[in-house]
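All chains, full assembly: derive it from the sequences and hints.
Read off the chains here:
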Amino acid sequence: MVTIKPALNGLSTLVLLPTLSSAEALMTIEALILNVKMKAIVQDTRFKVFSIVDSLMAFHRDVLKALGKQFLDGYINLAEGEKDPRNLMVAFAIARVILIEFDISGHVESMFNILFCYFPITFRPPPNDRYGISTDDLRMALRNCLNATPAFGLLAIPVFLEKVSAGSRATKKDTLQTMAVCLPVYGSALARVSSRKLWNALKLEIFQPVDPETEQEALKTTQILVKTIYTDEEASLEHNEDIQGLARDACEECIQILKEPEKSQAKPATKILCTFMLTTPSVARYTISQAVPHLVRLFLSPDEASTRTPILLLLSELIASARDSTTKSSSDVDSPLLPYKDEVLGVFSVGLKLATTRNAALSGLKVLASTKQLLSDEELGFTVHNVDEIIEGDSEELYDSIEPVLEVLTTISEIAPRHVVEQTLPLLSSSLPDKAPTRDDSAGRKKCWQTLTTLSKLCIQGELFEQLVLRLTTKLDLICFPSTQQFLLISADPEPTAAYAHMILKALAQALTTKVKGKHPDVAKYIDRLVPIIFNIFVSSAFFSEEQTTVATEPRLVQVAAEIINLVVQSVPSEWVIFETLMKLSSSNTNFCRKQHLYSIGLSKAIVDGDVSTIAEGFQKAAKSGRLSIFTVLRRPFSIEAPSNYSQKSSIPKERNIVALLSAAVISLYKEARLSLEDVGAFLDMLLNWVLNVADNDMQRAAALHMVSSILNRQVDELSSFLGDKLDAYWNAEVANDGSPLPRRIWAIKSWIWLLILYQITKALLVRKHPLATTFTERLYDAFGDETIGWEAAKAIGQIPSPDTVLTKANHAEVKILYVQKYVVSFISGIWNDAVLITTTDPTRQTAALVALTSLIKSIPRAAYVHEMPSVYPPLLDHTIHINLIPLLLRGLDLPDADIRSNIIDTFLAAAEGETPEKSLVAEHSVTLVNNMLKNCTINDILSTRVRISALRYLAVLPNIVRYDVLHPHKAIVLRELAKVLDDPKRSVRREAVHARTIW
Amino acid sequence: MPGEIFNPNPVVFSTSKSAGRQSDLLAHSLWINDSSQSEDEADDVEPIDQDEIYDLIRSIYDPEHPNTLEELRVVSAPQVMVGVNSVKVEFTPTVPHCGMSTLIGLCIRVRLLRSLPERFKVDIFVKPGSHQSENAVNKQLNDKERVAAALENPVLLDTVEQCLSNVGSQGIV
Chain A
1 MVTIKPALNG LSTLVLLPTL SSAEALMTIE ALILNVKMKA IVQDTRFKVF
51 SIVDSLMAFH RDVLKALGKQ FLDGYINLAE GEKDPRNLMV AFAIARVILI
101 EFDISGHVES MFNILFCYFP ITFRPPPNDR YGISTDDLRM ALRNCLNATP
151 AFGLLAIPVF LEKVSAGSRA TKKDTLQTMA VCLPVYGSAL ARVSSRKLWN
201 ALKLEIFQPV DPETEQEALK TTQILVKTIY TDEEASLEHN EDIQGLARDA
251 CEECIQILKE PEKSQAKPAT KILCTFMLTT PSVARYTISQ AVPHLVRLFL
301 SPDEASTRTP ILLLLSELIA SARDSTTKSS SDVDSPLLPY KDEVLGVFSV
351 GLKLATTRNA ALSGLKVLAS TKQLLSDEEL GFTVHNVDEI IEGDSEELYD
401 SIEPVLEVLT TISEIAPRHV VEQTLPLLSS SLPDKAPTRD DSAGRKKCWQ
451 TLTTLSKLCI QGELFEQLVL RLTTKLDLIC FPSTQQFLLI SADPEPTAAY
501 AHMILKALAQ ALTTKVKGKH PDVAKYIDRL VPIIFNIFVS SAFFSEEQTT
551 VATEPRLVQV AAEIINLVVQ SVPSEWVIFE TLMKLSSSNT NFCRKQHLYS
601 IGLSKAIVDG DVSTIAEGFQ KAAKSGRLSI FTVLRRPFSI EAPSNYSQKS
651 SIPKERNIVA LLSAAVISLY KEARLSLEDV GAFLDMLLNW VLNVADNDMQ
701 RAAALHMVSS ILNRQVDELS SFLGDKLDAY WNAEVANDGS PLPRRIWAIK
751 SWIWLLILYQ ITKALLVRKH PLATTFTERL YDAFGDETIG WEAAKAIGQI
801 PSPDTVLTKA NHAEVKILYV QKYVVSFISG IWNDAVLITT TDPTRQTAAL
851 VALTSLIKSI PRAAYVHEMP SVYPPLLDHT IHINLIPLLL RGLDLPDADI
901 RSNIIDTFLA AAEGETPEKS LVAEHSVTLV NNMLKNCTIN DILSTRVRIS
951 ALRYLAVLPN IVRYDVLHPH KAIVLRELAK VLDDPKRSVR REAVHARTIW
Chain B
1001 MPGEIFNPNP VVFSTSKSAG RQSDLLAHSL WINDSSQSED EADDVEPIDQ
1051 DEIYDLIRSI YDPEHPNTLE ELRVVSAPQV MVGVNSVKVE FTPTVPHCGM
1101 STLIGLCIRV RLLRSLPERF KVDIFVKPGS HQSENAVNKQ LNDKERVAAA
1151 LENPVLLDTV EQCLSNVGSQ GIV
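For the record, the sequence lines run as chains A and B. Under the numbering used here, the very last position in the first sequence is 1000; numbers go up by exactly one each time. Under the numbering used here, the very last position in the second sequence is 1173; numbers go up by exactly one each time.
Hints were generated in silico from the structure; no laboratory data involved. All the pointers check out, no bait thrown in.
Computed beta-carbon distance windows for the label pairs:
no.	chain 1	residue 1	chain 2	residue 2	range
1	A	301	B	1155	43 to 49 Å
2	A	346	B	1119	53 to 59 Å
3	B	1155	A	126	32 to 38 Å
Cut-off 16 Å, straight-line C-alpha distance, at most; resulting in silico cross-link-like pairs (EDC-like, lysine to aspartate or glutamate):
no.	chain 1	residue 1	chain 2	residue 2
4	A	986	B	1046
5	A	197	A	253
6	A	267	B	1071
7	B	1144	B	1123
8	A	263	B	1071
9	A	197	A	162
10	A	980	B	1118
11	B	1121	A	983
12	A	986	B	1052
13	A	986	B	1049
14	A	986	B	1051
Here are a few chain B residues that face chain A, going by a calculated C-beta distance under 7 Å:
no.	residue
15	1115
16	1117
17	1118
Glycine included, each C-beta is placed from N, C-alpha and C at the ideal position.
Here it is in structure tokens:
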């Protein structure tokens, strides 16, 4: 007994030696079988035994095979009653080899006994398990043994059935999965014999599931069962409609249940039928031939009129899986649905007529339309016609089912756009009036917007979009340049007309946005079709605006138009540009349209000389001959004195709005396709002056600044002299000039504008990680001490790293990764010092620092998100919070500015992500936090809805990130205070309050 | 949960999409603005209405089925009546002999108790003629003492909590 352990140790090394002969192997195994009493030794030693057998199995399998019955008997003896998971892993591996390679005909039952006694595995690994064996490892190893031989089948089925019906959730799931892998091995004969019993057990799991997951597993197992039974006889059943056995019985059973389609059991029944559809073609055919006519009959029966909606829903689910079954096999077999196509289409078409069944019918039609090669061209046309009837009908009803209507039409337009173009589009666009609904006609206005939204969602496919552009631009032209009698009406009250034009532009922009997101290649060609027309309309309107009222000069319209132009220009692919330079702008490629490069030449002309003839071709002639005078006046004298000339011969303000359109095109040009300007620095200089002295609204200023920053971003290396000049001259002249003689108010506004400029410039540099960026920001930082602009400067610092829409990859700007991180790291410590340390010296500076800090922190996680660098931030954020940011932020909560308060709370919310009760940074401050939040969510103290909502959200998050025992003392107070908030006048606040209170 | 199942196969209705509030549809200005941000800061008071209370109770689970009260049409928006300081909720049991009606009523009461300001008085009734022991159920549901006593019972409270387990998700859109 004492010698066994060392002997096994020695043997376990010896059997690994390649010099071990067969005779010695035989001796070893015989000795093991004869001498080792497993029950008498500890698990480590037993492990040696299993290892030895395992090694022998690997190197001397023939010896063991020759030993035959003696080995099997001996091994079964050894393995019986093993409990240690590590040993079991080895034992299961050995067992699988035995089951597959050895002749076990005499030992089926004993093998079954030593394996099935472990099924199902309920082992749970102890904490700090040395060997790292998980439940799943064991489960998989055992499963591989159970499905190793068909011989187990007869014995295994009863065990499975028992475990499924009696076990817990985990057991059920394990058993169902094991059955799914075992059934195909055990063979179709056995499956057929025991199908009834298996089906009864599975049925129970499907109709009364413990949880959705189990239901899913049961369905999967059912599918495999049916497949196992019928795959063998598939060939003989090829053309036979009828089918015997389980599938037939189960089908009948389900259809029996489907006689009451509105009941809750109908759903699992349909799921089973859908599962059958995915098994073998013959079963699918049979299921369809039973279920579809049954449902159609039910639908048509007058007694069941009230249950038509669920019938249609079930039917569309069925045909959806019929569709999926054919796409899977991907052969050219006809859909099993083909024989019933007419009936089903008929039923759905009838369903369309009634409002109650409409949505269900639409979802069914969508499935039909998306089934390949099912509906013929005429049938698709017929469907479009039917759907169009809904569109023509009552607008209130249409509004209820607009989503599914669009889905059906979009699906069809992908297959056969012709029908939609010919039938639906004329219908929709004819319902758009040629003149705007009047001011009081809010119903008409709503209808217009609904139609336009529908159009913009529908016309995504290339052909449709082309039609849309054509129709809408014509309409737009009609509205913007009305006939004379119309004109009088409009000039009396131009606003409704402008609003209508705005709607149309918005619809175009929406459709374009969807297309750009989907990276449709056809967007680019609209640089020749849509963009010039838009320019044409707006430029002409600006020209006319001196003599008469024009609608297209409204800034809001210009903004949407700019959005459209930006979307199109940025989509022109870069290959075109390269191609262009290769061709040396040869004239032969007119077919290839003006690409960005060529386009930029036209654009430059427009900007520099006001010559818009190349970029604004369209219906209106005026645009051809006229000259824009946005910049031309200012262009000659580059100096600051420009304003004096400007008052005499000015560009009209309406014309200056066009700058937004030009800028929208410029900001998305490639670096290679830059504007052809003689002196870029001078041009930028001029632009900056223009912003300060000429521009008359924020839109113009922003547009011009976007242009500046975008040009800077692309050509920074050539512009260093311009930048050096800016840095000193402008800062001193405009921002830091305390002794400015101008009235204080104007001065403040000016400095604000200058800050904005600096912000834009810094941003342009920052995005390229240019060293000058830091210098610029430091200037800003110096302004903290100034009472009047300190606050704005601080805000600007925080805004700099926040993401914007101008300098982005989509607009082909040069963006360096991690620029935000670098910026933040370089600044945070400085601001930090200011905020904490200079408490005594300068309160203004300190407040400014605090403001900068909060807006900075707020923009960090967002920026990180945009640039997909989430891993960099948490450490940084954690770190800053860790060095006691919290007290500081809490102090910030006392600042009067509502924006800052909600920023701070949002910061807390952002920091709360990923925190757990076990490791929470805010735990020690929870008391203060809770009180502060409560103070911030009551209507009496806080007027801003946003702050109240943020505070409530944070309250709702707290219990998830702080341990319960810390918060428990406050529970009563919080609940009592929140009860008051439940009576908030704002619905959105009440909703958050209810949520927060439920969580507490 | 008790062994007996009162209605093993109830009718499931598809839930309607939460149709916009009537007031939202009418508030259509001349210009289409796609940001509702400005609305939030407006000063007008939004009183608690039928839809809001319905939103609070629609996603309560039925004690017998994995369906919500909305799906089983046990509650519906027109069955909620709101006064100045009172709320009246009517619900329809799926079958007249349903033994779960009191429990459903209790769940609704607990939910409203937790989510409405204290000034509201809540009355809960079964729909007239929809239950065989209508009076008994109504009496039980609106008796303060008996509701309080029921909530002292840990088993019962646990069942109620389970029915209410998912109501929070409705709040966050």
